[in-house]
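Peer 1: The listed protein sequences correspond, in order, to chains G and F.
Residue 1 is where the first sequence starts when you use our numbering, and the numbers rise one by one after that.
Residue 1001 is where the second sequence starts when you use our numbering, and the numbers rise one by one after that.
No wet-lab data here; the hints were simulated from the structure.
Take these hints with a grain of salt, some might be off.
[Unchecked claim] Output of the computed footprint for chain G on chain F, the stretches with three or more beta carbons under 8 Å from beta carbons of chain G:
1. 1055-1065
2. 1136-1143
[Said to hold, decoys possible] Only pairs whose alpha carbons sit at most 25 Å apart, straight line, appear in this in silico DSS-like list of lysine-lysine:
3. G:K536 - F:K1156
4. G:K421 - G:K528
5. F:K1104 - G:K528
6. G:K528 - G:K516
We treat Cβ as the ideally placed atom computed from N, Cα and C, and that holds for glycine.
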Amino acid sequence: MIAMTVAVLGLISAVGAGRWIASNEGPTEWAHALVAGLLLWGLVGLGLGALGLITPLAFGAVGAVSLLGWTRGRLTRPAWATIAVSACLVFPGLIDALGPIMGTDEQYLHVGLPQQLLMHGELVGGPLHPNGSRPLLLQLVYTGLLSSGESRSLACFHWLLSVSTVALVIQMGRHRLGGWNIGVLAASMLALSTTFQESTGQAASDFPTAFAVLVAIDAVATGRHRSAMLAAAAAISIKYTAVAPLAGILLTAGLRPLLAGRLAVGALLLVSPWWLRNAWNDLHPLFPFMGWPDPQFSFQFAEKWGAGRSLIDFLYLPYRAVFDADPNTHLFHGRIHPLLILCLLPVPLAWRSRTLRPWFGAAALGLIGWAAGPHWLRYLIPTLPIVALLGAAVVIPLASGRWRRFGLIAALLCWAPSGLKGMEGRWSETRVAFKDGLPAPAEAIEFCNQHLPDDATVALLFDWNSAAIHRRQVLGSVEDHNPSRHFFLRHADDPIGALVRQGATHAVVRTVNFPKSHYEFLDPNRYKQEFTAPLKTMNHSLLMEAELLYTGPLHRVYRLPTD
Amino acid sequence: MACGEQRTPTVRIEPQSLSVTGNNTPPIASPTPDLIPPPMMGTQVAVAEGGVAWVAAGPQGFREVWWQSHAQPLPRPLEVGSADPHHPVTDGRRLAWVSQGNIKVFDPNNDRQDLILANTGFNAPPSFHRGVLCWEERTNEDVDVACSDGVALRRKGHQTRPIRTQHRLFFMEDGLLWSWDMQP
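Just chain G, with the same shape it has in the complex (with noise of 0.2 Å):
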């Protein structure tokens, strides 16, 4: 309840803190000073992090101030019932938001890194905390709740974040697209779908991102172009799966090309103190998506998720996308409501209407960025409520009349078992955790916890759990177990050494392995080299250099020597 709480003030002070900035007016007010408030927090957490200020006091007074922005008058909200059917339809994300941390992400990335700028009392980045070196804008307000003590407020906020972004494809099917019922068809169409449920109730940035995009076209489509230029860096600030459905937008709703330049350089400039950060730091300015200090290193292998990339893979996928689509395994690692595609179908019908040009425009660049990068569903997730409204506001017209209205929605429940297919495991997780309590963290990392000293600091090898493990840590978890496997290929001479002159103390190493089943599409010399020969560079240097400590099934502990 506390957590609640503190989501809930942390939700209305950025709502303050986007009064001083955003666009004041129209329905969807509300959504464009929640967005607004997000970027000036995550450039003010940026100014606080330079200045090494991370702290609980400073985020207290940025909330604080942030509250003098309700001083502006009234501001218009979504209706009652709106956030109604919100909270409804993104309820089961609630019972996920309030229990334990499970999510990988969550773990490495949303709530492991803002403990460690708290802990560090500064911002980290490098090939050491290469998710340090991301723009790091909801990072920061993450932190900023963190800084509460309140480790669950985070996933609550983006709960919360989530309600808020239903409720603003609500609103948009009203206010935008011609009816109630459209908003509420497409909202109902994102909820029947496992990859929004399963994000709703971590602490993640797929939601965040998808209402600044909303918040974009909405700007747009109403000529606040200062809310659109924030809501597009907003956007590309929290993950740059942005960038697609924003170009779209930017290219198709008929603005004047001084224009379209103006807000883009805008957006651009708001995005750059991120690069510019990198820069300065001697790295990539899009580290660590691109750019590894040597060795040469992907960040991700787009071949390993979906279902193939030749010329026919693609022609099939908008339909292995959606009905081959499994939750469980690298076949797109998701699941979306059937319609969500079929009522793309009649879509280029909406070619010829002005008003949904730009959405139609949003929806293809989304999708095709989509296609051309990895197959993983949830990076469809900023696009999707676009893709949604823009078919509900093209079927909704053609389901006129009483037996088309019915099978409207006999298609939307019926398909809702194979939307939502997945779901059971992950409920029954929750269930479970509520029912026996909060899962007891893996031994070793009890281990840690009890046994390290307070100053220790802990290189995390091939291992995620930095929310778990209470200590100062380096390298840490992202995709392949990136930086591990980057480290020991860079130093592969004298690893141990050089993670002791980083300050390194101890090392919590979990056992591994990379099927090679998963990477069919490497020359297998190159799959020996990044995949294989780390974890024997890593083994052999242990053995000879650090002291074990502890062995549980999944993880090993180590002391390593002193400088």
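Since the structure of chain G is already known, use the hints to place chain F on it.
Peer 2: Below, chain F alone, put in the same frame as chain G:
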């Protein structure tokens, strides 16, 4: 008993006949006997004829080895302090543990302690069988196995986790369990 990749007991190997049977019993949780100070998590208890030795967490991250004799009401420390003693093992009669990389041997019957110079204790505990200790030893090149009766296994690659029986030495090398038959 030999363990799989997840370090759970997977197969049972009969030392004399080398017959192998699958282990279907669930892994046994670390024993938590009613000992004070409490055993440190993740450590093994050495149960000898005369009592129990175990590792407890000491101050400043150092470990301590304690002994609870069946004949005495109170436990007593066998070694505490910066030597960071750990890995207590027993052959049933005597006890041994690692202290600053060397091995200390304790006979509870006469309270005598001996020291074996070694360079061990960094990975697996020593093996103690009928008075013979075997341990991992770090060299400049790799890890080998040495025993208190003069037996040594020194060859290229890492030989780890020694388990000694009367005429056999089991050890791990490159992820495989090896057995050295030492009978003449």
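Peer 1: Each hint needs a verdict: does it hold in this structure or not?
Peer 2: Right, here's what the structure says about each hint:
Three residues within the 8 Å Cβ limit are the bar, and the region 1055-1065 of chain F against chain G gives 3, so the coverage statement holds. With 3 residues bearing a CB less than 8 Å from a CB of chain G, the region 1136-1143 of chain F meets the requirement of three and the coverage assertion stands. Restraint check for G:K536 and F:K1156: the C-alpha separation of about 16 Å stays at or below 25 Å, so the hint holds. For the hint pairing G:K421 with G:K528, the CA-to-CA distance comes to about 36 Å; that exceeds 25 Å, so the pair is violated.
Proximity of F:K1104 to G:K528 is assessed by CA-CA distance (about 43 Å); at most 25 Å being required, the pair is judged violated. A hinted pair counts as satisfied when its Cα atoms are at most 25 Å apart, and G:K528 with G:K516 qualifies at roughly 9 Å.
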